[in-house]
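Colleague: Listed below are the residues making up each chain.
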Amino acid sequence: MSFFGLDCVKKKEKETERKIRANDREHNLSFKYATNAIKTSKYNVLTFLPLNLFEQFQRIANAYFLCLLVLQVIPAISSLSWFTTVVPLALVLSITAVKDAIDDLADLLLLSTLCLSSSHPLSPSLAVSFTLALCFCLSLCCPLGEVCCEPPNNRLDRFVGTLVWRGQKHPLDNHCVLLRGCTLRNTDWCFGLVLFAGPETKLMQNCGKSSFKRTSIDRLMNVLVLFIFGFLVFMCIILAVGHGIWEHYEGTKVMAFVPQQNEDTAFSSFLTFWSYIIILNTVVPISLYVSMEVIRLGNSYYINWDRLMFHTGSGTAAEARTTTLNEELGQIRYVFSDKTGTLTQNIMCFHKCSINGKAYEDSVIDMMMVDFSFNSLADPRFQFYDNNLLEAVKLETLEVHSFFRLLAICHTVMAEEKNNDLVYQAQSPDEGALVTAARNFGFVFRLRTPESVCVVEMGVPRTYELLAILDFNNVRKRMSVIVRSPEGKLALYCKGADTIIYKRLHDRAEESIFAGEGLRTLVLAYKDLDEEYFSEWKQRHHQASTALEGREDKLNQLYEEIEKDLLLIGATAIEDKLQDGVSQTIEQLAKADIKIWVLTGDKQETAENIGYSCNLLREEMDDIFIVAADSPEEVRQELRCVEWCEAYERDVQVTERWHGTEIKGLLILGIIFAYALEGSMELEFLRTACMCKTVICCRVTPMQKAQVVELVKKYKQAVTLAIGDGANDVSMIKAAHIGVGISGQEGMQAVLSSDFSFAQFRYLQRLLLVHGRWSYLRMCKFLRYFFYKNFTFTFVHFWFAFFCGFSAQTVYDETFIALYNLMYTALPVLGMGLFDQDVSDGWSLEYPQLYEPGQRSLYFSKGAFIKCALHSCYSSLVLFFVPYAAVRDSVSTDGHDIADHQSFALLTQTCLTVTVCVQLGLDLSYWTAVNHLFVWGSLGMYFLVTFTMQSDGLHRLYASSFPFVGTARNSLDQVTVWLTVLLTAVLCVLPVVVHRFLFMQLNPTINDKVRLKVHQMKAQPPPPRRRARIRRSSTRRSGYAFSHAYGYGDLVTSKRFLRRPVPSRSAGSTPAGRSAAFRPAGRSAGYSPSGQEQNPKQATEPTELQRYRAVHDATFCRQGVAPE
Amino acid sequence: MKAGPSRTNRPDNTAFTQQRLPAWQPILSAGIVIPGFTLIGLAFIGVGVALFVTSQKITDLEVRGKRDTHAVLFFFQGPVFFYYGLTSYYQNFRTYGVSKDGYQLSGDTYYFNVRAWYSCAPYQYDSNNNPIVPCGSIANSMFSDTFQLYQVVNGMKKQVPLDGKGIAWWTDYNIKYSNPALVNGSFANAFSGTVKPVNWSKPVYELDPTDQANNGFLNQNFLVWMRQAALPKFQKLYGRIAEGDYAQGLPAGNYTLLINYSYPVISFGGTKKVVLSNVSWMGGKNQFLGIAYLVIGSLCIVMAMVMLIIYAKYKFTDDDEDM
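Chains as they are written, first to last, in full-length UniProt numbering: chain D, 1 to 1124; chain Y, 1 to 323.
Bound conformation, chain D alone (with noise of 0.2 Å):
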């Protein structure tokens, strides 16, 4: 269902260029542009019913069994009742029905809350909740501003328009723009004008298309479904031309006392074929849909269910959103996953730290939490468990102090007091984390501005002159600021990935600490700097960055010359904690052969961590590739490149390759992808990409990450799942087959526009592994067991055929042919459907290989079906030729002939009914007390609907309406016939048996290894699981710059930064000034030190776009700008 309406956008003629004037709503409201109203509901009271018939019939089964009726009326066809069709289309349409207005409500109220939030009043000048707003607009409060700007596109990355106000034109550009669902940060409120509204939003542009999602068996089955018609018709033709011989040969005698209407054969004939298309219509099921719906409809229940999806932390429980996808859960093979807030809980964690060569550690065994009530303005949330580390503060010691002075100053955090609150806004998580340690641990860092900054030194507040932010970058790896303290004196601190600093000290001594736990080392150094040298410097320093040419480079120059002969203070561990079990999971998918692609709109250092973190990337991948190339040649080269070094190593270490050692990482680069997507070079990349065991993609773009998914769905024809938590995700969570939303507390976007949604990346595997892997199995078995039910049921008929002159006599009684379906074989399939297990939830996950059946299809598929079909017909002969040998001449204990037809319908369908039921026992591998009511009281319900229907009484009331009155009575008192049921049940089962038993024993599958070896443990619970260590890397890791971005420093020491009055803390809480220049451009700009509060994560792509913000709740929240 098209969640967002886009349709609607459809307009009459291409918009070249909107203008929009301020406060000007009449001029506005002439373009007629999209108001923010979005509509995602199908129908409302009146249409449902007239509306939902027509789709109803659209579909093609449905609309199939409509033509089925109309034929039924016409006498002269007509070889059934109409009520044979009617009973199960009407109970079809009606169940189906109920289904979609159910479904379709839930969206109705969804809407009422959307208008209830649109229209909070928020921006009352506005009248619509703000969309995109133009940021400098402080003096646009006089209406005579007009912007012209582009269309609405899904560009987020790009904005071109003009201001004109008073007579000047002012161009507008991308840092000009708020866009839909980003926060405002640093300033409560802003100036805006809304662009675009609506469905016309580049948040809403970038949604992605919804499209109807199917299975890949519902696919499988629209094919089957036509192959089925064809069949039918060629039995049709079959029993049509037979009928035509057999009136040319035996009919015209039958004239003596059976008239015929029409003389002429060929006609007949063909009235023959409609006849029998009637009669042997079952083999196009018309309950099939109805109780496929019913069944992936409770195996969503399960889910919704699930206690062990359930998270407690957030109170969230597993949510199955859509409900007809279930069994493509387990035939998975690709899983395209987002990284923070997916896999990381994006929660930074000051985690250890070593100073001057003393670790000190944050174990949480037998520790104590750290009491850091000495320190009035400590974050409450911040924990830390070695209480070493206070007492070395507390007990002055210099290098403790100078650690954190370096955490409290070297940084580009802002500072900013709310509700008598100290909150830091960092551009990245892992900077806030610092700072808030530095503030615990007694180095509280105030107030910036862009010239000093503002720290309280155990207690004591000290300002330092800020000179110089050298700001990070990606190839510095480090930033640095100098300062000059207090007292005078000036220092250069400087922070960085360990590598890079350890070159830069000045004894080169280099200390590994936290090698190989996959934390995020920063070394701390500082370097007391020279008045001369440092005013010499400076001076360079403005002329370097005030040059026109090289400007980056000079730059760095003098950093690399500054930044030298450092002295080591220590190092600080980050950690971006992974969320629980997300490595194990990893492991247990990567055993389900199911590829993980991690896509994400970090950089690459961010993405390799986290990549080796998680277990994704292994010291055990000799190679990793990385592929960053500029030009469309170069990506085209190192693609090769990896694919020759690939092919090479095949050659070489052919051995080796069986024993999985040479698997193979990729990183790639989503610059690339601009061009990797582009076509010619699809196919490459994609060749390359499956060559290895993990691909990581950075720097994606939303859009590119639909790309991926999409090239992997066109060219790998898999079944592929996308799972992320932000807005970013959304375009590729509607392009996966599969979109699962992780639901936090932010980001219920994600979750909106998903299949199915939890808390916590590691319920994915409880979901694939276990739910998917049943819903498939119990899909499987279901349309198996259906097909060999129906198809048995109608070849009897065909069989038949040939004994009564082709005249489209029924085997069965009518009543039958119309409950058959419905009533006697409806619950003990749909029973397996519902709670069929091959194995219980521990084995799958014990034994993730279980998976792999599901993924090439081997439980379903054409020649399933064929065989399927081949069983029904040996069935069929059974059921037709044992009853027909039995009853042959012969007659009953007490004389009279029950070889009538009455009496031989009720033999065959009792042997069918039996039959059946039987070969259901032996599929159903997981006998709950429901299977067993379903099984043998749909058995009971034959027996007792086939004698109410044959009683007397009903026949006193409608004498023509039941001719079958007496049949079971006399019959199913006969032993002859009890053991014609007793032969037709066996003679159909035991080979059935003797090919699964053989099957077996000698090619036995996964699935009757695991079971055969619970059945040995008599069904003890599996073994405690083998908790998989996590094999960390043994070289360290080091990833500074977890998420930073170049142009902080800047920032913070620009005069566009506001100037603030000194907040006293003593005067409680100074309403913040105006900061509508700052904009935080982080990946993400709150954090949390403790894990009580999630960062607002967002971000997708980390330079320009992270303003593009996850929208906080799950009614679209409309962040509103307030004016003045």
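Take these hints with a grain of salt, some might be off.
Quick list of in silico lysine-lysine cross-link-like pairs, DSS-like style, CA-CA up to 30 Å [as the list claims (entries may be wrong)]:
#1 Lys202/Y - Lys253/D
#2 Lys285/Y - Lys272/Y
#3 Lys1009/D - Lys285/Y
#4 Lys272/Y - Lys165/Y
#5 Lys538/D - Lys554/D
#6 Lys313/Y - Lys867/D
#7 Lys1009/D - Lys315/Y
#8 Lys577/D - Lys394/D
#9 Lys253/D - Lys315/Y
#10 Lys1013/D - Lys315/Y
#11 Lys315/Y - Lys591/D
#12 Lys1013/D - Lys313/Y
#13 Lys253/D - Lys272/Y
Quick look at which bits of chain Y chain D covers, simulated, 3 or more residues with Cβ under 8 Å [unchecked claim]:
#14 13-27
#15 298-309
Simulated from the structure, these hints should not be mistaken for laboratory data. Note that beta-carbon positions come from the ideal geometry of N, C-alpha and C, so glycine has one too.
Once you've looked at the hints, dock chain Y against the given chain D.
Modeller: Same frame as chain D, now just chain Y:
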């Protein structure tokens, strides 16, 4: 565990919602399959032998062609049933099978005249547009041969009584079919305004003038005929030999069958036959079931052995840890 909203959202911990319902999980292990097959095989062979022997004991005598004297060589254990059989006769033809009017046959005179049931055509009305009762092809084509069986005792023909009553199903006689109520004390009046089926020699109310309980729609030969056969080769009960001297069976000797031929079968290439048979606990003579049970039983035993050999030779063990 902390209380609060997270607890209220937590799904119920029931065996059903957590998919942990206790269940019986049978698997096709050798320990079940091989003994199972052996047992089934033995049971089938037992049943097969019983059926076969019983079936062999049942006497039946088939009379084809026009020879009218037959020798019964041994005592024919009674009660003996007298059947007539037809071949190539498609009573199961669809348009034939629907060609009757259930309302008429349940004695509702309203439907004698009213066109409620088109399926009776072309035997709905005669050429003078008089309604035919009983209408339709089935009734019209009712078997009309009559039989008399005589035992030749010392050259004398002694009639063997063929009881034509009690040959129809109890439900057909008592429930499904009824005669219309008498009109002015006359059964025939109830059918006034209607005509007999085209092929019939006498109207329905004269099928058995001697016995009103066997007359009209309740005539048992009529009822037997109306219960159409499933297959084109069929036999129908004509009478029982259960009275008088022959209640215990037919003594050995010579018998003469007098057949009043009136039913044409040559035209459609069919044949007629007469069958005398007695029954057992398994009904009439039927070799098929006994043989089938014997064959299937033996096959089961054979398969059990084959599976045993294969199991012993190839059985997989779960030693391989790499599964």
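Colleague: Hints first: check each against the structure and report whether it holds.
Modeller: Now for the hints, and whether the structure bears them out:
1. At most 30 Å may separate the alpha-carbon atoms for a hinted pair to count; Lys202/Y and Lys253/D meet this at roughly 25 Å.
2. Pair hint Lys285/Y plus Lys272/Y holds up; C-alpha atoms about 19 Å apart against a cutoff of 30 Å.
3. A hinted pair counts as satisfied when its Cα atoms are at most 30 Å apart, and Lys1009/D with Lys285/Y does not qualify at roughly 50 Å.
4. Our distance criterion of 30 Å between C-alpha atoms is met by Lys272/Y and Lys165/Y, whose separation comes to about 22 Å.
5. For the hint linking Lys538/D to Lys554/D, the alpha-carbon distance of about 13 Å falls within 30 Å, and the restraint holds.
6. For a cut-off of 30 Å, the pair hint linking Lys313/Y to Lys867/D stands: about 28 Å separates their Cα positions.
7. Note on Lys1009/D and Lys315/Y: the hinted pairing holds, with a Cα-Cα distance of about 11 Å set against a maximum of 30 Å.
8. Only pairs whose Cα atoms come within 30 Å are accepted, and Lys577/D paired with Lys394/D is accepted, the gap being roughly 29 Å.
9. With a CA separation close to 61 Å, the supplied pair Lys253/D and Lys315/Y exceeds the 30 Å bound.
10. Proximity of Lys1013/D to Lys315/Y is assessed by CA-CA distance (about 13 Å); at most 30 Å being required, the pair is judged to hold.
11. About 27 Å separates the Cα atoms of Lys315/Y and Lys591/D, which keeps this hinted pair within 30 Å; it holds.
12. Distance check on the hinted pair: Lys1013/D and Lys313/Y sit about 19 Å apart at the alpha-carbon level, within 30 Å; holds.
13. Straight-line distance between C-alpha atoms of Lys253/D and Lys272/Y comes to about 16 Å, which keeps the hinted pair within the 30 Å bound.
14. For the segment 13-27 of chain Y, the stated coverage by chain D holds: 12 residues have a C-beta nearer than 8 Å to a C-beta of that chain, and at least 3 were required.
15. Given a C-beta distance limit of less than 8 Å, the hint that chain D covers the segment 298-309 of chain Y holds, as 3 residues qualify and 3 suffice.
Checked against the numbered hints above, the structure violates hints 3 and 9; every other hint is satisfied.
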